[in-house]
Each structure stands twice: as structure tokens, then as C-alpha cells.
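First to last, the sequence lines map onto chains A, B and C. Heads up, the first sequence is in our numbering, so the first residue is 20 and it goes up one at a time. Heads up, the second sequence is in our numbering, so the first residue is 8 and it goes up one at a time. Heads up, the third sequence is in our numbering, so the first residue is 630 and it goes up one at a time.
Calculated from the structure, these hints are not laboratory results. Honestly, I wouldn't trust all of these hints.
[To be verified] Cut-off 27 Å, straight-line C-alpha distance, at most; resulting in silico cross-link-like pairs (BS3-like, lysine-lysine):
1. K64/A with K710/C
2. K31/A with K364/B
3. K364/B with K27/A
4. K28/A with K364/B
5. K317/B with K657/C
6. K38/A with K760/C
7. K760/C with K317/B
8. K38/A with K322/B
9. K38/A with K364/B
10. K904/C with K38/A
11. K710/C with K31/A
12. K64/A with K375/B
13. K27/A with K48/A
14. K317/B with K710/C
15. K710/C with K38/A
[Unchecked claim] Pairwise CB distance ranges, derived in the manner of DEER restraints:
16. R32/A with F337/B: 19 to 25 Å
17. K64/A with N34/B: 47 to 53 Å
18. R32/A with L883/C: 28 to 34 Å
19. L969/C with G72/B: 51 to 57 Å
20. F337/B with D61/A: 27 to 33 Å
21. N928/C with L46/A: 50 to 56 Å
22. R32/A with S287/B: 37 to 43 Å
C-beta: ideal position from N, C-alpha, C; glycine also.
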Amino acid sequence: MKNSKITKKEIKRILDLAKITVQPEELTKLTEDLGDIIVEIDKIKNLSEDFLVGNVIFQQVNNQFSLTSKKMTYSLERIKENFPVTEGGDPVIPPIKGDK
Amino acid sequence: MKKLTIADTLNSPAEQIKNKVKSAINNSKGLNIFLETYGVKPSKAKKGRLNNVPFSLKDNILLEGKISSCGSRMLEDFVSPYSAFVVEKLLAAGALPVGRTNMDEFAMGSSTENSAFGPTKNPLNSEYVPGGSSGGAAASVAVGSCAFALGSDTGGSVRQPAAFCGLYGFKPTYGVFSRRGLVSFCSSFDQIGVIANNIDDIITVSSVMNEKDPFDLTSYADRDLQDIDQVNYDNVDLRGKIVGIMSGFDPISVSDDIQSRYLELIEKMSDLGAEMVNISPPFLENSVPLYQILSTAEASSNLSRYDGIKYGLRKEGKTLDSMRRSTRSFGFGEEVKRRIILGTYVTASEYSEQYYKKALKIRGLMRKNYEAFFSTINYILLPTTPTPPFRLGEKINDPVSMYFSDVFTAIANILGTPAITMPCGESSDGLPIGIQLMGGIGSDLDLLKFAGKVAGELK
Amino acid sequence: MKKDVFPVLGVEVHIQVKSDRKIFCNCKNTFGAAPNSHICPICTGQPGTLPVFNRNILTSALNLSLALNCRTNLFTGFDRKNYFYPDTPKNYQITQNEFPIGYDGNFFFFSPENTYSLGITRVHMEEDSAKLVHKEDSAKLVHKEDSLEKGSTIDYNRSGIPLLEVVTEPEFHDSDSVVYFLEFLKRTAQYLGISECNMEEGSLRVDTNISLTHDLAILPDYRVEIKNLNTFSGIRSAIEYEIERQRVLFDRDLVPESETRNWDSKAKVTRTMRKKESFNDYRYFPEPDIPPILLSEKNLFALKDDLPLTPGFAMNQLTFNFRLRKEDAYVLSSEKAMYLYFIEASKYCVQYEQMVNWITGDVIHYLRERGEGFEDCKLPPKVFADIVKRIGTGKLTGKIFKSILGRLLSGEDFNEMLENENISVISDRDELKEIAEKILSENPAQVKLYIGGKTGLIGFFMGMMMKVTDGRCDPKLSQQIFEELLDK
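Here chain A stands alone, though its shape is the one from the complex (with noise of 0.2 Å):
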């Protein structure tokens, strides 16, 4: 077996969150795709935040929006953003462009 990113022993007490059984054959084949995904998804975990470093035509905007990368955890602004828009906790209609 190839070397992969994850190992049995981890995949089976993930299996066991997750509240499934797979046979011996099954498991070798999991840890396998997981492995391969895993180095897919080691992109998002690898990547530098300062990757918005955008194209010249929209340097202006990217700058604006560009954060400092050392100072970013995982703050309330940060998840204000992953959330509809609301507004005293009604979800509220997303800007409509042109609106503004």
C-alpha cells in the first residue's frame, strides 16, 4: 500500500464518530481515496493567507480587502461573514446590486 496521509487507525475511530462499519477490503479502499483527498484538501490547510493577492486590474480592491495575515484567528467578524445577512436576527433580503 502507497503511503498515504491518513492511516487505518485513524480512519476507524473516524468510522466509529461517524457510527459506521466497513469490512477489511472496504477499509484498505477508504483509506486509500481519503488519502489521495487529503492531499487535495491539504491546499485549503497549506494555504497562505495571503492569497487574495489579486490581479492588477483589481489591486485597488484587493487591497482594500487584503488583511493582515499573522493577525486573522477565528473571530466574530470572520463568522459574521459565513451567515446570511440579518438584521436583528431576521434574515433580511441579501443587497440586491444597484440598491445601494
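Could you slot chains B and C onto chain A? The hints should help.
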């Protein structure tokens, strides 16, 4: 194959519609499009804007009293206790559900090969996949069994099969269509989408289905969309519109045919007066892994409820725990299990910070960044898929390459923006190719009208 | 010599919010209805359903959080807590993890003797789980892992009932203060109209964490959680038992294991339920189906201004403004309606202590007998104050008040009684003298003895007087008259 449009059906006698649908369904039996057909019963009374217009439902959108299996053994016998909000709206407008269509299990896949009930074949060439996960939905429109199909789009699942079947496929802004009654895969990306033969029909259906649903806190009303009746493309002008494009592709992963059609369209639109600017959408290359992390994380939680206790499949076991484990192990297919495991992994306490939370953070930054983009440009033009339709079995054993099918589509789900795919010529093998237009949040009608104009010019 | 050990305790309390409907759907929030009679696709976790947050719960949550002096998260929202359990229909619970509605609080509470200050870690909203109904004795099985055995059923009526969870800092050191805290928290929730906090019905549920340490400056690195605590006395016994059990281990230089234990109320022991955190990974993440809640400071200030009365305020009012003894204030403020009754009556009568004695004595006793409370007491506070004033000035006796209290509480009018019945004290000198003379003439033997020096017999004459007048005679005056007559 005689295609159906809303205009056709509204002008045809009920009996004729019934026969058309019937024969289209019968003639396409070998393609495994429908998991169940309901029998068409046109009504004499005029009910609404979609009177007697036949449509199909993806197997994860609920219709009260009918089975919704999500293409899974887990819900093979699950009878919906209520109807999806958008289905209620369609029924009230007089539309006729003709059946439920095959799909990748729990909408996880890009080829409809992950269905527990066998793959669906592409109506244009049965050796090829129809795309997925709404492969059955796209095929049902392509064979002329209905005027439009409802699918669900979490990472491209409406647009990619629409492109593979030579059709129009629309995913609106997150929240335009209520998700109540759509079986959740990834709650923050899932949107119901529409597949049809033309953009007029997509606009009409969207107009009927949009409303703020009190039982979906993420839904909202789009007045422009609700009020639209007849679209006049004459007053839509390409001149003065700024369209962001991508200048170069990785030639290994994006096929020549796709690149050629894309470049041709850019030239054509430029000739018609649109300003085509190279923005090389940032972060596109990372959208697939980002999508994988966030969608599987939510899926692992959304699919926890299938445990054999309340509904759906139950495999007996000696203890409750063994019952639950054997139910889930047997009930879920390979791809679903793979994604549940991945989603559990990226949210497990020791990995959450580096995968799930990092991805959330990046999504937040991306949304801000693109919002800024859309304050300057009007649309972004991208291919819908990196390749034309592929052969059945070609990618089924290579999940990573299958996931790459979403490379141009997942971004709209990550951002929550509307996007529509339009047929745009053929590959050298004669298979359809789709190109996609994406607009800013809430610009649905504007985007549809612009796409309609472009589509008109392409004819 | 053995080193001293100190118990360190923290408490987690779940309070069911009294609301019309459940937290995420339109089902009725009731107790005791037929099993599965208040359920819908949402609270049974059907595919395709989405939670719809009931905003009324937010007001309750904010009020409790403010009453516990917590800081408020103006940006708040829900998270998913993922775990498989048969009573959790979605196999995840919608709760608040990252941004609880209230955090970092400081709660002042009282016992009859003391005032306490306690750190509150957090207050958050969540949904209740369904209830497993077992064939056998349910209390015995309910917390056993994987206890959905053959014949067990699930009642989803409870699924989705709004809960407020209060988590305290580990600042308790004995069972008394825990019970006083719980009593006062219960009062607070009742005053705010959040919950009846009925332990028998499960609307107040308590888990407690107990560990011991040699040095109070160092928090212990293990924790024993005790569940299944159904009564205040059970909580007290369980804590005391557990402290003792751990102390014995400490004496043998052993460190107790982190685990969850169950209180067996019959055997009066705690028993291991499961070893702690073996693989509890809840994989919390933000609930994507519910948009976050953004509160404005303006909203919050308005809410603070409108914060309903709390028992802490009541205690301060009674002890500082009315100068009542702490014990009296504690009893009087145990019910909001009782406290308010007193406050209303206090506008008309300054004999506060006497009023407290009556209110917390005979009045509440009679009311309870009638199955009523102070909120529907038919004796208006103003009339009650008038009666106490009359007793104070000798115009009415306590005995008579007691005898007519039942009728007053049925709604009879006191002033009519005064007019039509002989209930007021006889303080007319001549009238009393006439009666006294009659008594003396009818008891010559006793008079003789009295004159002979047995002056204690004055009590006998007074008794006769009481009997003849139905207790209405002015006792001071009567005694005076007897003494005058006998001394002659």
C-alpha cells in the same frame, strides 16, 4: 426527440400533452431516467401560470405521499410526509409532476453513477454520463418528457448535467428558492435549480417559485423576479456591460474543445459590445478542495439522522448501536460513506482548526473579495465544465478526478451567487458543451435577462 | 498527618422555558400530553425540514442572562453538537457553543442567613431531546448508554422544547450553597416568568461536577459529573456522598477518575455510568440553517430597563427598605405574588413584621388549602393592611381574624362583616363591666379564693370573659375591670 417548452404546453390541448409525456417516458425507458412516474392527469380548469405544464422532480425534493429516496437504499421506501415549498408553489400554479428522477445518492456525485438504482445514461449518447448529481433531471428534459426539471445544486449539480445534456440550467442566489422539502446535503450551499430548454421558461418557473418561506429562515423574496411576466430581450444591451473572464487554462485538465468554445464566445460577446476583461477569478483552483471540506463537513452532520430509528431503512442488530451501524453501513453507498468520513475527519476536534475552520475563514474572505469584484464588473463568464461529457465508468473509480468536474461551478455555491449554464456548441465528438454566466448576489433576474440576450445572439 | 482536602463544585442547570410553542417549530410546548401528540416533521427530524427559531425564547434567554449579571453577546447564533443518541432525532442538537447569549456573569443570591456571589460561566439556548420511554422502571434505565431496548419507545413531545442552560464556575465548596443557589435560580426563573422549574416534571434539571483538591488555588485536574438528580434533597445527599467517596480515595493517596456517575436515590449511592471523554467529540460547528442573531445595544438597554422584578431585588428591598429580618425576607420573597402582595399592603400599614407573620403564616396556609395563590387572593392587600392595623390598635383580635380568614378568602366583604356581625372588639367599659359583674356573681367560690390571695385566678376570670364574648373582649380593659371589681 421532440422537446417541450412552457409556451408549447400552454397552447396545446391537455390530451396532446399527456400523450407527448407518455411517449417520451416510454421511449426513454432504457436510459433509467425516472425512478417512478406518476401518470399525467391534466386538469380542465385553468389554475395558473403553469397550467398543465409537466415537470419532473429530482428524487431529493419532496412531494407529499410519494417516495423520495435520494437515490439511496437508505430511503428506498421513505414516503414524504409533506411537500417541498417550491413544489407547493408549482402545483398551485397548475404544473403537473410527471415523476421523480434518478440522481447520485444524496446528490453526491457528478455523473449519476452513484445512484443505488443504477446509472442514468445521457440521452444524446447512451455511452456517456448525463452529468450529475441531477443527471436524471437533465435527461428528463432532454428526452422531452417535461418542460422543466427541478434539480438541486450544491457544487454544480444542476449546471453540469444541464451542460452535458445540451440544456439551460440555473442556480439562483442562495435563498431565492426555499430549501424546505429539499433533503439537505450541505445546508449552506444547497439550492434548488431549474433545468429547461430555454431561458424564458427558467424565468417563468423562478418567478413562480420565489417567495419568502416562513419555514426557511435563509429564504427571501425577490420582488423583481416575482413581478416579471414577459421578458423582452430587446432592451437588454451587451454594450456597456463588463464581463470578467479567465485568460488561460491548465491544458491538461481543461479540454481543447471547451477552451475553443469559450474563446469563441468571448470574441462574439466582445463583437456585440460587451467589455470582456481578464480577471482570472482568484481562488478558482482552490474552490474544489474548499468545497470538499465545507460540503462534507455539513453533510456528515446532515446525514446523521439516518440511523434506522425513525424512518427509512433499518437493519436489525443485537443492540441499538449495532443496528445503527449496520443500517448506516448497508444503507449508504460508497461515495456517501467516503464523504461522511471526510466530513467527520475535517470537523474532528484535532483537525477542525486546520481544515474546517480555515475553510470557513477563507470562504468569508472570498465572499468579501467577490462582492467587491461585482461592484465593478457585471458578470463573470466561465466554462461550465472542464471537459465535455465523459463515458460511463470513466471516472467512477477516481474520486479526485470526479471532484474536479466541479472546478468551475462550485465557486457560485461557495459565494452564494446566481449562475446559469447555456449550451454553446459541441465537442469534436458531437457532445454538448456549456458555458456559464455568473452574477452578483441578488442579481438573478438581471443575470437571466443578460444570459437570454446572449443565448439569442448565439442562435 | 493527612493534608486537608477541599471540595470544588460546579453546576449545570437545564431550565425548560415556558412558551406557547417549541423552539424550532410550531408544536405546542406542553407537559403530560399523550405521547407523540405534539410533534411535526421538524421536531422529529424528517428529511428536508429546517429549524425556525422562535424569537420569544430570545427574550427569556436575555432576561435570565441579565438577571445573572452576564455579559451579552450582541452577535449570537446557534451551533450543532453532533452525537448519536436515540433521543436526539437529528443525531445533532442545536445549541449555542461559540457565542452563548450570556457569559461571564456574577450572580448574587441569598440564603436565609447569608448573601453569596457566584461566577456564571455562560447562559445559552438549546433544544430539548425526545424522551425515551422504557418498559421497566424508567429512572433506572434512562441514562444507560444505548438503552433503547426491545419495547422501549420514544416520545417526541419533549423534542424541541426550549431549554436555557446555566453553567456556573466551580466556586461551590459544600452542598448547602449549591442548594441555596438552585433555590434562588429557581426563584429567579419563576419571577421572570421563564419557567415553573418543576423538578418532578423535568422543567429544572441539574448536573453537578465534583472534585477535591488540597489547595484551593489549584483547580483539580479531574472531574466527576453526577447526573440523574431529581430533588433538592437528592442533590444534597448525592453531593455529600460523593465528597465522602472521593475523600476516602484521597486518604489512600488515590486520585479519583474523571467519569460520569449516576445517583441512585434508593440505595443512596453514586455509581459509574460511563468513563469520561473516552470518545466524546461533539464536532461543534455553526448551524447553517439558522442565520445569526444580531442584537443592537439599544435593544439590550431597553430590555435591561424593562427587566422584570428579580428575587434578588426583592430581598434587597425587604431587608434595606423595610428593615425586615433576612429570614423573614427570604420566606416572603419566595414567591413573586406573595412579595407583591406585601408591597401593595405596605402602602397602607407600617406594621411590616406583623404583616409578614400573617402573610407567611395563616394567609398562605389558607390559600394553599384552597389551592390558590397570592395572585388570585380575594382578600385585597388594602383590606388586609386595614385588618392588621386594627389588630395593632386592639380593635380586632388575631383570633377573630383567623376565624373569618376563610370567609374573607372566599371573597366575603370585611366591611359588611364589621357592620352586620359581632366581630369587632368590645371596648365599651360599661358593657364589659356588666359582663364581668355577671361572671363574678356566678363564681362566688373563685372570688373567695382570689380575695384570699390566689390572685392567679384572674386568668380564670379572663377565660370566662373570652368565652362569653367569643374572644371579642378587649383583654387589657377586661383585666383592668376585673381587678377593679375584685379589689373593691
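Here is how each hint holds up against the structure:
1. K64/A with K710/C: Holds, at roughly 24 Å.
2. K31/A with K364/B: Roughly 23 Å between the alpha carbons, so the hint for K31/A and K364/B holds.
3. K364/B with K27/A: The given pair, whose Cα atoms are some 24 Å apart, holds under the 27 Å limit.
4. K28/A with K364/B: The given pair, whose Cα atoms are some 24 Å apart, holds under the 27 Å limit.
5. K317/B with K657/C: With a Cα-Cα distance of about 21 Å, the restraint between K317/B and K657/C holds, given a limit of 27 Å.
6. K38/A with K760/C: At roughly 22 Å apart (the allowed maximum being 27 Å), K760/C and K38/A satisfy the hint.
7. K760/C with K317/B: Roughly 14 Å separates the two Cα atoms, so the pair holds.
8. K38/A with K322/B: Answer holds: K38/A to K322/B is near 14 Å, not above 27 Å.
9. K38/A with K364/B: It holds: about 23 Å lies between the C-alpha atoms, which stays within 27 Å.
10. K904/C with K38/A: 19 Å, holds
11. K710/C with K31/A: 21 Å, holds
12. K64/A with K375/B: 20 Å, holds
13. K27/A with K48/A: The given pair, whose Cα atoms are some 10 Å apart, holds under the 27 Å limit.
14. K317/B with K710/C: Answer holds: K317/B to K710/C is near 20 Å, not above 27 Å.
15. K710/C with K38/A: Holds - the C-alpha atoms of K38/A and K710/C are around 16 Å apart, at most 27 Å.
16. R32/A with F337/B: 19 to 25 Å: With a Cβ separation near 21 Å, R32/A and F337/B satisfy 19 to 25 Å, so the hint holds.
17. K64/A with N34/B: 47 to 53 Å: 50 Å, holds
18. R32/A with L883/C: 28 to 34 Å: 30 Å, holds
19. L969/C with G72/B: 51 to 57 Å: 54 Å, holds
20. F337/B with D61/A: 27 to 33 Å: 32 Å, holds
21. N928/C with L46/A: 50 to 56 Å: For L46/A against N928/C, whose Cβ atoms are near 53 Å apart, the range 50 to 56 Å holds.
22. R32/A with S287/B: 37 to 43 Å: 41 Å, holds
Consistency with the previously given hints is maintained throughout, with no hint failing.
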